[in-house]
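A.B. asks: So the chains spell out like this:
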Amino acid sequence: MLLEMKNIAVNYGKINAIRDISISVPTGKIVTIIGGNGAGKTTTLRAMSGMMPITSGEILFEGKRIDHLPAHKVVANGIAHVPEGRRVFPDMTVEENLRTGAFLRNDKEGVETDLEGVFHRFPRLRERRTQLAKTMSGGEQQMLAIGRALMSKPRLLLMDEPSMGLAPVIVEEIAQIVEEINEQGLSVVLVEQNAELALELADYAYVLETGNAALEGPANELHDNEHVRAAYLGI
Amino acid sequence: MTNFLEVKDLTMRFGGLTAVDNLSFKVEHGTIHGLIGPNGAGKTTTFNMISGFYKPTEGQVLLRGEDISGLKMHEVARRGVVRTFQHSTLFAELTVLENALVGTHMPFRPNIFAAIIGWDAEDRHGAEARAREALEFFGLDGLLSERAGDLSHGHQRALGMAVAYASHPDVILLDEPFTGMNPEETRQMMDLMERLKADGITILIVEHDMQAIMGLCDNITCMSFGKFLAEGGPKEIRNHPAVIEAYLGGARHVA
Amino acid sequence: AGDTIKIGFLAPLTGAVAAWGKPGLDGCEIWAERVNAAGGIKLDDGMHKVEFVSYDNEYDPAKARTGATKLIREDGVSFIMMLGGDTWPGVQPVADKTGMLFSTLLPSDLSPDTNTLIAPAEVHPIYNVTGVEWLAENKPDLKTAVMCAQDDALGLPSVATYLAAFEAAGIEMLDDPLLFDPATTDFAPVVTRLISKNPDIVCLDTCYSDYVHPIAEQLYQQGFKGQIISCTADFYDQMIAKTSEEFMEGFIFQFPDFDDPALNADNINFTDPNGFYAEFNKRHPGQWGAVSWEYASIMDLWKAAAEKAGSSDPDAVTTAMKDGGKGAHAFGDAAWWGTELFGIDNALVGDWPVVAIEGGKARIKGFRSIPDWYAKHGDLLIKHMKAYDQMWDQRS
Amino acid sequence: MLELLAQTGLNAVYAASYISLVAVGLVLIFGVMGVVNFAHGELFMAGAYAIVALYAKMHVPFFVAVAIGLVFVGCLGLLMERALFRPLKDNPLGGLVASIGFLMILQALAVMGFGVRMEHIPPVTQEVIQFSDKVRLPVARLYVIVASVALLSVLWYFLKRTKFGWALRASAQDPEAAALQGISITQTAKIAMFIGAGLAGIAGALTAPLVSVNPHMGHSVIVTAFIVIIVGGVGSLEGAIIASVAYAFVHTFVTTFYDGVLADITGLCLMLIVLIVKPTGLFGSADRA
Amino acid sequence: MPKLLIWIAVLVGLVLLPHGLSFSQQEILVFLTINVLLVASYRLLTLTGEWSLGHVVIMGVGAYTSALLTKRFGVYVPVSMLLGGISAALIAVVLSFPLFRMKGFYFLIGSFAAGEIIRLLWKRFRDPFGGAKGIKGIDPMPDFSVGFYQFDFFEPTSYYYFAAVVVAVCLWILWRIEKSPVGLTFHAVHWQDKLAQASGVNVRAYRTLAFAIASGFAGISGALLAHYIGTINPNAFDIDLMVYVLTWAIVGGTATFYGPILGCVVLTVLNEIVLRELGLEQMRPLIYGAIMILSILFLPNGLESIVQKITQKKAANGTAQRSPAE
Ligand SMILES: Nc1ncnc2c1ncn2[C@@H]1O[C@H](COP(=O)(O)OP(=O)(O)OP(=O)(O)O)[C@@H](O)[C@H]1O
Ligand SMILES: Nc1ncnc2c1ncn2[C@@H]1O[C@H](COP(=O)(O)OP(=O)(O)OP(=O)(O)O)[C@@H](O)[C@H]1O
Ligand SMILES: [Mg+2]
Ligand SMILES: [Mg+2]
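Chains as they are written, first to last, in the numbering used here: chain A, 1 to 235; chain X, 1 to 255; chain H, 1 to 396; chain E, 1 to 289; chain Y, 1 to 326.
Be aware that one or more of the hints could be misleading.
Only pairs whose alpha carbons sit at most 20 Å apart, straight line, appear in this in silico EDC-like list of lysine to aspartate or glutamate [unchecked claim]:
no.	chain 1	residue 1	chain 2	residue 2
1	H	K49	H	D3
2	H	K386	H	D323
3	Y	K71	H	E340
4	Y	K179	X	E146
Bear in mind the hints are in silico, worked out from the structure with no lab data behind them.
Here chain A stands alone, though its shape is the one from the complex (with noise of 0.2 Å):
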């Protein structure tokens, strides 16, 4: 198991945005958490990242405990997150956004490769390496925070709903590279609404309603749930 959360509850003030949640995510697989609005998938992914404090339980990364530890600890482990709402710098230039996410990176050449390799990928930023990323389309922002992610070379990327404002053909481009990344040898938790796609790149799925996990199981499995398909695939 490369990260193992166990029996996790986080609060906003008095309200209890997850109540009791356990969720693995086996090394090199890619783990999809869908559910409704307020479900708690956010919450979920920002108590893994250390964005949010857990009130209780508690999570492994590789064995090690991490939940007690501040965000950018966390993330030094190996672990990136492309958050909702994308949360790009909003008065550094794209490609300073992108050399943000390779913060804690020290091989010059490998940043070199992995800028290149994003520029690739979305010809989009390389054509506007020097605009602010506040004057940046929604769509290209959140190409922007994906691209950022991968800067990081994490071991697991951590999602939330990253087709979000896409249109499709970028919405393929970003299949691919989880499948592609994934082939690498990394593992996702992906956060989607769209739960056609995340079920289709996942190999293993939980269904969150509530702050409580309502369903669990491997991807293909959930995708032929008669409940999923009603509530979830709009079937």
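Here the structure of chain A is known, so what remains is to put chains X, H, E and Y with the ligands in place on it, guided by the hints.
C.D. replies: Using the frame of chain A, we list chains X, H, E and Y with the ligands on its own:
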């Protein structure tokens, strides 16, 4: 009525970058019109120009033949063109009802002197009735005194539209109303839009969810790199080679 | 022994103007200890101890009004000493209603509207004429001058006074007085402008020590070698340290150190100036200045009047104090004076010392009579005061 | 006349030097912490009092005293970060109020420790560089100029060329997103507060022998600093430095050729004009919809 | 009817209040009453999300206008007070042209600069403003009798009754405005000016309106002050007082109408009465600073949050956070 809302030779430049380039299209009254295009094509920028948030570098926006380009946002709104925003933009600290009440600003323009001495009771009742009506329309009547910022994502999007609807608009501009919604919610929202249309409201919509666009729109304009690319009904657009090439792709994951 | 006599001290003790109040209160405490140790104040009904009741007015007229009310109506003081200035007009209605006797350090507060306000310690800025007069007599080859001042209620009347004094002495002003904002900290530009005219004399007006020091330092560093005249030179030893003994030699100002032997002369009415000075410096090292003794000197005057009247009643003390139109000023006999300038004879005016720095030490060069100067040149003073809107009837 | 211009120019360079030290510190704190540090002038004052205590009273060598002053005031900055700004990080107005409270405390402590009157500091050096009879630069002022240029250059390098600088910029723009890139935001906050406060402290320490040191000396400094960072565009270091130079020159020349009060009015009007023409200052940038 | 009973009790309390106080406390009560209006008007401005540092200078505009009108033209004092308020509002409208191009921190400092320029003008033009010394001998409110009560406006109690009635009327108007659709629009402009614009709100006009109304009431409070102490000068309206107003508002809390008023009353009583009575006169800045820090650390939502907890009633308008200064 033809030439209800017309965009004519619209151009927007940011420094050396031309975000919208000589774009023209027409929106018929009482229809749902889609505006699609790859990321960064200039859709939001076009919206910003129509709604008066940006002043176009060149070109015109004609509403019933009147040039409204360059007017301030509230002036455009008072001519009946109301917009929502790409992200959930609400009065987060106000209650749901209060949000909708702000939406009734145009039909029931408050008067400060009347308000102080209490001679505006009629207007206040009218505004509240209208606000409740709009909230009910979007199924938010059970949440009147919730803080808007505490609502779930879907409810927030609905509230955003209720605020727009409360002002009796002629045209609503919707920027990606379906982001962050699951298929079920999307479908409910589509129904509401159909009802708006039945009410005689014209809708101009930007969205990347093809299921919604194709299901809703009477007419679709596709743009790319700031320029007009194609226009037509959902069928034509779905099969338009240039649109597929620039935007839809193999459409493996889109309905 | 009877009840303790309470004296009100209503001045800024905190905030930016505290330097004009706090050292005065410190001086008064020493004064009270000494008087009480000597038995107190002798009135008709016996000996009374004195005690100061202070109220921090933060240099705000509204708080001064509150403070005056408290001191009079709740604490039952017999006399109130104030710094004056901005705070006086707030207190004035209280003074008018209650008839309480008040003193101020700033005679520009005086007006015929209130006859219970006196300015017995100093007639700022009129005494500045004595320094200019002395200079003209003793260094007749100094012919030209320039001046700078902070643009506030203390600076402007002082500018008018110096202009009158220079005109009376036949010294030519090379430039209009240079006004600077009270918040100024860097004086290099001011000094550059001043000495660009190559004056014989640079006049620092009534600059506070926070300005006098950096200005003197800049004059030194920018190569000025002429005469300097200033109203005050508190901590002049530090100025010498920052410049040189040679540069400061002959610097003229108006406030002697109280260890000056000339103050032991018989005509001086301040009790034991040397001892007072030593005691103050022991308790509050580095805080001595004009304010330190002025409030205490007013108390000397008040005590004498109260003992003469045999009562601490404000009316009786006032009558005794102004008896015959004469009074005992710290620097000698003086007269109640001021109708032409203030509309009322409530300022105590007499001789004033001219002080020069010689060999690194302030020395009184002589006492000069302010009324004598005024008799000769009063019209000039009034002319310049009018030009700066400083006459009592010009104040809005 | 030429000499007068030259001397006034030198005066302006000195003014620009210490103003930019203070202003850059303020910008840095605002940028990273997101709070308006009203106590910045009092940090300047604390630097000056460090010199009073160490150099004037305890006779520590001047530059040693300056270095200690820098560290001392830097630590005051750390204290503010830990005790005030960190607990109030979601509450910028709260931070502002807390900094006002801190200002009052620092002033009161100075009064309690040193009295209300001005302090005296023996001159560090009385040497003067003479360019001509009327054009002179006191070496004590040269120290300030040199220190300012040196410190700001080092800071410039630090911010633009090192990872720390990168981290500061990132956490100024979005602290949470910065944490996700592996940047410790408490670390950057501490560094920013230390440097920002330290710069104010060293400006106070270096200029202490040249100005009147009193508990209220911070007031005029912070007013100037506010004007400068607004003209430059809040959050912009370049802007702060350029605006400091512009303000110092305008103020100095108007003082010398007209008068000091007019110079203040000119400075304020200049600022309003810049803001009317460009409401985000010279180097500030507007946000997108 | 318990609500009516409460209001009657409050009224009786306010009428009896000065009789339980010492003379100097009565004086403080007068200034407190005036400051309550000042801080309540400040809150109206903050409703639209802008924090100004020029508010007390605007108050000064009202004070100067009213003082000059009575002194120069013999205008009847209550009329000149009203005119003082109106002129403060007009000045605010003029200032709004440059200032409302700015937002957030820029507005904060821009308003400070505008205020400083006005103050420098007062100092610079000795005629008619009296320069740095300001104006003194301002006509007091003329005494009069209402049959059962003889007003002698030198007496703090009399002036307190007068000021309290004026302030109460002003507060009532401010309250009515806040609770009206106009007030709601102010809130809306604060939280999302873009969306408000899209709803047809002329944001610029509303911000100006709030600024003008707030300034008008500040002007009235200035006039009330001027005709009581009889003197005003530029220093009385400097940043120090502004900082107090700001801290009253924030320490009190700005989510409710009464929050800033509560802050003003509590902090004034602490600073002017409690600390002085305790003999800590010269320590006040130190203690006051500490109180400010502690209250903001431990009551981040202001003193009003205590009241809210006690009454267990959520205030009508968003209880939670205060506005960020952006
Ligand atoms: N900052 C916050 N303060 C208070 N409550 C919050 C906050 N953020 C989220 N919540 C609450 O926590 C719960 C879980 O929210 P979360 O954002 O994790 O849901 P989600 O599954 O990501 O939903 P979505 O699909 O809308 O993104 C919701 O009930 C939400 O209202
Ligand atoms: N203020 C600006 N300065 C410079 N470039 C800008 C600015 N605003 C927008 N752009 C650029 O203009 C182009 C059009 O942007 P716009 O936001 O209109 O795209 P969009 O079609 O809405 O895209 P998306 O679907 O991703 O939201 C983008 O490439 C964007 O980077
Ligand atoms: Mg989410
Ligand atoms: Mg867009």
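A.B. asks: Determine for every hint whether it applies to the structure shown.
C.D. replies: Results of checking the hints against the structure:
1. K49(H) <-> D3(H): The given pair, whose Cα atoms are some 7 Å apart, holds under the 20 Å limit.
2. K386(H) <-> D323(H): violated (31 Å)
3. K71(Y) <-> E340(H): violated (24 Å)
4. K179(Y) <-> E146(X): holds (18 Å)
In terms of the numbered hints stated before, the structure departs from hints 2 and 3, listed from lowest to highest.
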